[in-house]
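J.: Sequence:
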Amino acid sequence: MIKHIVLLQFNNESSTQEQQKCINAFLDLSTKIKEVIDFDQGANVSNEGMSHGYTHSAVMTFADAEARDRYLFHPEHLAFVETLKPLLSDAVVFDYEF
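Counting in this note's numbering, the sequence shown runs from 41 upward without gaps.
I should point out that these hints are in silico values taken from the structure, not numbers from a laboratory.
Treat the hints with care, since some could be wrong.
[Unchecked claim] Here are the in silico distance ranges between beta carbons for each label pair:
(1) A105 x N52: 16 to 24 Å
(2) E106 x N51: 28 to 36 Å
(3) N87 x R110: 17 to 25 Å
(4) S55 x F138: 31 to 39 Å
(5) L118 x M90: 16 to 24 Å
[Said to hold, decoys possible] Below 30 Å or equal to it, Euclidean Cα-Cα: the simulated DSS-like pairs (lysine-lysine) are:
(6) K43 x K72
(7) K43 x K61
(8) K74 x K43
(9) K61 x K125
(10) K74 x K61
(11) K125 x K74
(12) K61 x K72
(13) K43 x K125
(14) K72 x K125
Beta carbons: idealized from backbone N, C-alpha and C, even for Gly.
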């Protein structure tokens, strides 16, 4: 199994509405692509002050690396990434096997 973690840092030009639309689109994406076994997302609520400007996360579970790779190159995912890019200052992706 693979956990695919995405941390998002929205830029100052993106509105709260645009950010929420992006998060909703992430959820929609997880229902459209069969390789996604599980999906969770949320806004940062840590009070440790170590988020480095990352405000939202999305976590997906895949059966294996091949399923994750099919997701990454799925046309729906590629289109989503293009709509997301202009709203971000940065993103971090971290995958691990469990």
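J.: State for each hint whether it applies.
T.: Evaluated hints:
1. A105 x N52: 16 to 24 Å: 36 Å, violated
2. E106 x N51: 28 to 36 Å: 33 Å, holds
3. N87 x R110: 17 to 25 Å: For N87 and R110 the Cβ distance comes to about 38 Å; the hint is violated.
4. S55 x F138: 31 to 39 Å: Given a distance of about 36 Å, which is inside 31 to 39 Å, the answer is holds.
5. L118 x M90: 16 to 24 Å: 32 Å, violated
6. K43 x K72: Holds, at about 18 Å.
7. K43 x K61: 23 Å, holds
8. K74 x K43: 15 Å, holds
9. K61 x K125: Roughly 13 Å separates the two Cα atoms, so the pair holds.
10. K74 x K61: 21 Å, holds
11. K125 x K74: Holds, at about 23 Å.
12. K61 x K72: 16 Å, holds
13. K43 x K125: Holds: K43 and K125 sit about 22 Å apart, inside 30 Å.
14. K72 x K125: The hint holds at about 20 Å.
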